Amino acid sequence: MFKRILVAIDGSAASTSALEAAAELSKTYGAGLHLLHVVREMQVPLNPGLMDAYEKLERQRHDLLNSAGEQLLNQSKRLVESKGIKTVESDIGSGDPATAIVEYAAKNKIDLIVIGSRGLGHVESFLMGSVSRKVSNTTGANCLIIK
Numbered sequence: 001m002f003k004r005i006l007v008a009i010d011g012s013a014a015s016t017s018a019l020e021a022a023a024e025l026s027k028t029y030g031a032g033l034h035l036l037h038v039v040r041e042m043q044v045p046l047n048p049g050l051m052d053a054y055e056k057l058e059r060q061r062h063d064l065l066n067s068a069g070e071q072l073l074n075q076s077k078r079l080v081e082s083k084g085i086k087t088v089e090s091d092i093g094s095g096d097p098a099t100a101i102v103e104y105a106a107k108n109k110i111d112l113i114v115i116g117s118r119g120l121g122h123v124e125s126f127l128m129g130s131v132s133r134k135v136s137n138t139t140g141a142n143c144l145i146i147k
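Our numbering numbers the first residue of the sequence shown as 1 and each following residue consecutively.
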């Protein structure tokens, strides 16, 4: 039924639950498992005089978050491999998380996206919407949202 499963990893409890569910599904269906961590980009400052400082800060931030993301992916990969899952791909994306997840899924012909549902505050959820909702509304793949 599923040949390629993508799980979005952000280090939250919900994404850990999503990883565990995706690992079980991968094992059940003999599907390849893809792990993706997305580093959200900072908003560009409106003041042009701050661009140099912004670019330096963004490079440092990006390097730090990429390093943390690689550690998170390596831990996740070790966890699923310890459960006997052999086919594990991992990648780090950048930008808007929902967009990066949907684009990765399309590019890699993912059959199922497994993603954690995080409880955003009412105002943040109203203004931004949740990543899981955006993914499920825009992907062509099946989507399983884990609470």
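Source of the hints: derived by calculation from the structure; they are not laboratory data.
Hints should not be assumed to be uniformly reliable.
Pairs of lysine to any residue residues, derived as SDA-like cross-links and limited to a Cα-Cα distance of at most 25 Å, are as follows [claimed, not checked]:
#, residue 1, residue 2
1, K56, I92
2, K77, V39
3, K77, E20
4, K77, G49
5, K109, S136
6, K3, G32
7, K147, A31
Pair by pair, the computed Cβ-Cβ distance ranges are [stated by the list, open to error]:
#, residue 1, residue 2, range
8, E70, T99, 20 to 26 Å
9, T87, N142, 17 to 23 Å
10, A106, L57, 29 to 35 Å
11, L50, A106, 31 to 37 Å
12, Q60, E103, 21 to 27 Å
In this text, all values refer to a predicted model and were calculated from it rather than measured experimentally.
By construction, the Cβ of each residue, glycine as well, lies at the ideal position given by its N, Cα and C atoms.
Comparing the hints with the structure gives:
1. Proposed proximity of K56 and I92 is supported: the alpha carbons are some 21 Å apart, at most 25 Å.
2. The suggested pairing of K77 with V39 holds, with an alpha-carbon distance near 18 Å, which does not exceed 25 Å.
3. Distance restraint check for K77 and E20: the Cα-Cα separation of roughly 11 Å lies within the 25 Å cut-off, and the hinted pair is therefore satisfied.
4. With a C-alpha separation of about 43 Å, the suggested pair K77 and G49 falls outside the 25 Å cut-off, and the hint is violated.
5. Restraint check for K109 and S136: the C-alpha separation of about 16 Å stays at or below 25 Å, so the hint holds.
6. Simply put, K3 and G32 have alpha-carbon atoms about 6 Å apart, close enough for the 25 Å limit, and the pair holds.
7. Between K147 and A31 the CA atoms are separated by roughly 22 Å; this keeps the pair inside 25 Å, and the hint holds.
8. For the hinted restraint 20 to 26 Å between E70 and T99, the CB-CB distance of approximately 21 Å keeps it satisfied.
9. A hinted range of 17 to 23 Å for the beta carbons of T87 and N142 is consistent with their spacing of about 19 Å.
10. At roughly 32 Å, the beta-carbon separation of A106 and L57 lies within the given 29 to 35 Å, and the hint holds.
11. A hinted range of 31 to 37 Å holds for the C-beta pair L50 and A106, which are about 36 Å apart.
12. With their beta carbons about 26 Å apart, Q60 and E103 fall inside the hinted range of 21 to 27 Å.
When each numbered hint is compared with the structure, a violation occurs for hint 4 only.
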